[in-house]
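Peer 1: Sequences and hints are given; from them, build the entire structure.
Here's the letter readout for the chains.
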Amino acid sequence: MAPDVKQRKYQVIGTRPVRHDGVDKVTGRAKYGADQRLAGMLEGAILRSPHAHARIRRIDTTQAQAMPGVRAIVTAADFPEQGDRIVELGEGMANMRHLSANVMAREKVLYKGHAVAAVAADNVHIAQAAAQRIHVEYEVLPAVTDVRAAMREDSLILNEEIRTQAFGSAPASPDAKPTNIAKHFVFELGDLAQGFGSAEVVIEREFDTSTVHQGYIEPHNATVSWNADDRVTVWMSTQGSFTARQQTAELLQIPVSHVKVVPMEIGGGFGGKISVYLPPVAALLSKKTGRPVRLVMSRADVFQGTGPTPGSHMRVKLGVKRDGTIVAGDAWIAFEAGAYTGSPIGPACMCVFSCYNVPNARVEGFDVCVNKPRTSAYRAPGSTHVAFAIETVVDEICSQIGMDPLTFRLKNAAREGIRRVDGPVYGRVGLEETLAAIQASEHYRTPLPGKYQGRGVASGFWFNVGLKSSVSATVNFDGTVTLVEGSTDIGGTRTSIAMQLAETLGIAVEDVTPTVVDTDSVGYTDVTGGSRVTFATGIAAVEAAKDIQRQLVQRAALLWNVDPSAVRYEAGSVWGPQQQCLRFKELAAELPTTGGPIIGRGTSSEATQGGAFATHCVDVEVDPDLAKVTILRYTAAQDVGTAIHPSYVEGQLQGGVVQGIGWALNEEYSYDDQGAMRNPTFLDYRMPTCYDVPMIDTILVEVPDPQHPYGVRGVGEVPICPPPAAIANAIYQAVGVRMRHLPMSPPRLWAELSKNSS
Amino acid sequence: MAAMPRVYIPSTMRTLTGHDIVDVTATNVREAIDELEQRFPGVKAALCAQNRLMPGISVVVDGRIGTLGLWQPLSEDAEVHFVPALGGG
Chain A
1 MAPDVKQRKY
11 QVIGTRPVRH
21 DGVDKVTGRA
31 KYGADQRLAG
41 MLEGAILRSP
51 HAHARIRRID
61 TTQAQAMPGV
71 RAIVTAADFP
81 EQGDRIVELG
91 EGMANMRHLS
101 ANVMAREKVL
111 YKGHAVAAVA
121 ADNVHIAQAA
131 AQRIHVEYEV
141 LPAVTDVRAA
151 MREDSLILNE
161 EIRTQAFGSA
171 PASPDAKPTN
181 IAKHFVFELG
191 DLAQGFGSAE
201 VVIEREFDTS
211 TVHQGYIEPH
221 NATVSWNADD
231 RVTVWMSTQG
241 SFTARQQTAE
251 LLQIPVSHVK
261 VVPMEIGGGF
271 GGKISVYLPP
281 VAALLSKKTG
291 RPVRLVMSRA
301 DVFQGTGPTP
311 GSHMRVKLGV
321 KRDGTIVAGD
331 AWIAFEAGAY
341 TGSPIGPACM
351 CVFSCYNVPN
361 ARVEGFDVCV
371 NKPRTSAYRA
381 PGSTHVAFAI
391 ETVVDEICSQ
401 IGMDPLTFRL
411 KNAAREGIRR
421 VDGPVYGRVG
431 LEETLAAIQA
441 SEHYRTPLPG
451 KYQGRGVASG
461 FWFNVGLKSS
471 VSATVNFDGT
481 VTLVEGSTDI
491 GGTRTSIAMQ
501 LAETLGIAVE
511 DVTPTVVDTD
521 SVGYTDVTGG
531 SRVTFATGIA
541 AVEAAKDIQR
551 QLVQRAALLW
561 NVDPSAVRYE
571 AGSVWGPQQQ
581 CLRFKELAAE
591 LPTTGGPIIG
601 RGTSSEATQG
611 GAFATHCVDV
621 EVDPDLAKVT
631 ILRYTAAQDV
641 GTAIHPSYVE
651 GQLQGGVVQG
661 IGWALNEEYS
671 YDDQGAMRNP
681 TFLDYRMPTC
691 YDVPMIDTIL
701 VEVPDPQHPY
711 GVRGVGEVPI
721 CPPPAAIANA
731 IYQAVGVRMR
741 HLPMSPPRLW
751 AELSKNSS
Chain B
1 MAAMPRVYIP
11 STMRTLTGHD
21 IVDVTATNVR
31 EAIDELEQRF
41 PGVKAALCAQ
51 NRLMPGISVV
61 VDGRIGTLGL
71 WQPLSEDAEV
81 HFVPALGGG
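Top line first, the protein sequences correspond to chains A and B.
Count the first sequence with our numbering and you get residues 1 to 758, in order.
Count the second sequence with our numbering and you get residues 1 to 89, in order.
Worth flagging that the hints you see were computed from the coordinates, not collected in a lab.
Treat the hints with caution; some may be incorrect.
[Said to hold, decoys possible] Partial selection, computed: residues in chain A whose CB lies under 8 Å from chain B: (1) R85; (2) I86; (3) E88; (4) M93; (5) F167; (6) F187; (7) G271; (8) P347; (9) M350; (10) F463; (11) V465; (12) G529; (13) G530; (14) A607.
[Stated by the list, open to error] Per the computed footprint, the stretches of chain A lying under chain B, defined by three or more beta-carbons under 8 Å from a beta-carbon of chain B, are: (15) 177-186; (16) 469-483; (17) 615-622.
Where is the CB? At the ideal position from N, CA and C, for every residue including glycine.
Peer 2: Next up, the structure:
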């Protein structure tokens with residue numbers, strides 16, 4: 001459901017124009033990374049570890065090197081030593097030693113699929129055959145794949161250099177004992193003992209979630225040309241060309257200005273295309289051969305060699321009064337970081353109680369290394385895990401005290417002025433509005449009478465981030481505008497940014513041509529992630545438009561021979577003191593003779609966005625014989641600030657919900673007892689398709705974010721948070737069992753149903 | 001009593017300070033940390049590395065993540081938090 005068009009106060013914002021890149025994409029003309037072809041280009045292949053945990057004793061490339069058509073081979077020995085450097089990468093930080101070892105294993109392999117060597121050859125078949133002729137001698141070690149096992153004192157240690165770093169503490173001494181627990185967080189608010197002491201109902205439950213992949217359609221790819229002048233050009237699929245540039249430069253230890261990243265079209269990322277895997281490898285192969293080298297992952301490579309979202313173990317305890325008032329909350333959360341530190345445990349701790357006013361709270365979190373791929377961000381990183389835990393506990397409390405789950409949430413909802421467990425106080429946020437929207441929805445008010453059918457609700461939160469963006473906009477003499485931006489376009493942001501520029505200039509969005517360019521052609525821009533682009537790059541575009549307005553005013557003043565202070569820009573026209581008027585296009589035509597081109601520039605470094613809340617309602621039916629869950633109906637209400645392009649906003653909500661449904665019901669890395677993933681194909685890794693989900697209904701609640709000129713809030717991440725909990729709560733209503741392990745796949749649900757029946 | 005910037009101490013750092021909230025006279029985050037360090041040695045090493053906020057730590061002033069790091073100005077009644085840096089997917 002879109003905002004009422006009649007009430008719109010904007011000319012462009014809130015409309016649904018055709019996307020600027022639409023024709024190229026539907027006609028197959030858009031170029032993705034794997035389409036890249038360069039003269040003399042070689043193809044590469046990567047040899048990956050068959051073991052989840054092993055020491056590398058020796059690598060012998062002699063046979064592979066001797067094969068006809070093989071041009072170069074690289075191993076970790078070709079990469080610079082990194083030392084213990086921590087580098088800020090725009091969105092997050094990285095230990096460069098770990099990042100380098102993740103790109104190419106050094107002394108140890110830490111997961112099945114860990115890259116060990118790479119080959120460049122005349123074609124991909126030769127490269128793949130040669131990779132198999134590289135002989136690696138391993139000393140196989142036991143795999144540590146369970147987060148709680150990895151935390152034990154006597155656990156085998158993955159990384160001997162890791163010491164526990166507590167948030168807000170000085171770095172641990174190198175003399176401390178090595179551990180798999182890389183990070184430790186504690187947040188406290190109020191008086192926990194007093195809070196639970198005053199509680200009349202207390203529920204404490206434990207939860208597990210499995211490793212899940214983002215499942216973007218397009219595999220990772222990179223084509224790299226290392227020129228004779230030591231300038232490196234990378235064509236790749238990435239969420240952030242500038243962070244890809246920095247990572248590539250840092251890993252190769254060359255100046256960042258010597259690397260140019262050209263972002264190709266991107267077939268999904270969801271957080272998984274921020275870390276680099278292939279560009280440094282292709283770069284070294286290109287350096288050795290003097291020819292461009294292209295590397296493209298297979299689906300199995302993507303599953304086993306790139307970062308999924310962590311598996312987790314969580315314990316949540318909530319205390320309430322009989323009238324439904326929350327008085328205390330306690331959470332313990334352990335995330336599997338994968339091979340190296342870096343899970344989103346910090347945000348998870350900050351999100352677990354974020355939907356509620358919890359006056360007395362404690363949250364403890366752990367980032368734990370296990371023999372699985374190094375994890376990456378995935379839509380609202382960490383928040384979906386904890387939403388599953390807290391929102392099912394809330395549902396259980398509602399059942400116990402006999403309170404409607406939406407009424408309970410409205411009573412305790414986070415709102416302006418409420419202090420979060422991590423300290424800061426909320427500004428204007430829209431959780432209550434999403435709860436009210438679901439409560440008033442036709443869906444929630446329609447009875448669901450069927451046997452084995454149930455309805456569940458859940459809420460979710462994500463911070464959204466701001467970070468840095470740059471754009472420039474050139475006024476063409478025909479009255480159109482060319483908009484140059486650095487934000488790679490994953491979800492239609494060319495158009496959502498162009499719409500903000502057009503709105504500010506008072507021109508048609510069809511008169512703006514947005515272009516995403518390489519790192520040499522626009523100012524620094526952070527990743528397309530954190531639900532930030534329509535917000536932050538939008539602010540930059542508004543600033544660029546205002547810059548253009550200022551310059552147009554000067555030109556008109558020149559033409560009218562008046563002081564610029566007497567000229568104003570309004571509604572796409574420039575107005576003089578005698579009510580003279582020049583429309584945008586008319587004035588653009590005068591530019592060649594009034595001083596030449598006009599280029600507007602805009603940057604944004606706003607770090608804070610208003611957070612985004614969502615509340616979802618789902619109806620399910622459970623087959624009692626097969627334990628299969630069918631989604632009958634789904635409605636997602638979300639505070640979207642201002643919907644710039646409502647179709648794209650609805651698409652983000654629907655996409656997030658479907659990914660959440662997959663996480664809830666089927667998706668997981670299935671491991672054998674050696675730590676090997678048994679299902680690294682889309683045939684066996686079960687993502688939902690259009691046959692598995694009904695139309696996802698959306699309710700766009702618009703509570704403008706005061707930190708954006710048009711009130712934009714990021715919308716891309718929070719829709720993935722509520723689905724697992726909402727579905728778990730619906731399953732309980734349908735068949736009376738509480739599911740506490742994701743995914744709630746037929747085998748797990750069958751096991752719980754069997755317990756109930758016995 | 002005149003208003004003063006108020007620093008909320010991260011839980012794991014309270015063993016150093018003995019308090020969960022400390023009032024300071026600073027006019028920016030850098031001065032606030034220096035003042036805390038004088039009173040509670042060890043605070044600076046927990047928050048800073050090489051004259052910057054430690055990677056992975058953000059400062060929140062009056063509910064907004066500071067873009068200026070240690071140079072973030074503090075008003076007389078500012079509320080200061082140190083939180084994990086946020087990204088997204």
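Peer 1: Next step is simple, just say for each hint if it's right about the structure.
Peer 2: Hints, one by one, checked against the model:
| no. | hint | result |
| --- | --- | --- |
| 1 | R85 | 10 Å, violated |
| 2 | I86 | 5 Å, holds |
| 3 | E88 | 5 Å, holds |
| 4 | M93 | 4 Å, holds |
| 5 | F167 | 6 Å, holds |
| 6 | F187 | 6 Å, holds |
| 7 | G271 | 3 Å, holds |
| 8 | P347 | 6 Å, holds |
| 9 | M350 | 7 Å, holds |
| 10 | F463 | 5 Å, holds |
| 11 | V465 | 5 Å, holds |
| 12 | G529 | 5 Å, holds |
| 13 | G530 | 2 Å, holds |
| 14 | A607 | 4 Å, holds |
| 15 | 177-186 | holds (count 3) |
| 16 | 469-483 | violated (count 0) |
| 17 | 615-622 | violated (count 0) |
This entry does not satisfy hints 1, 16 and 17, going by the numbered hints stated previously.
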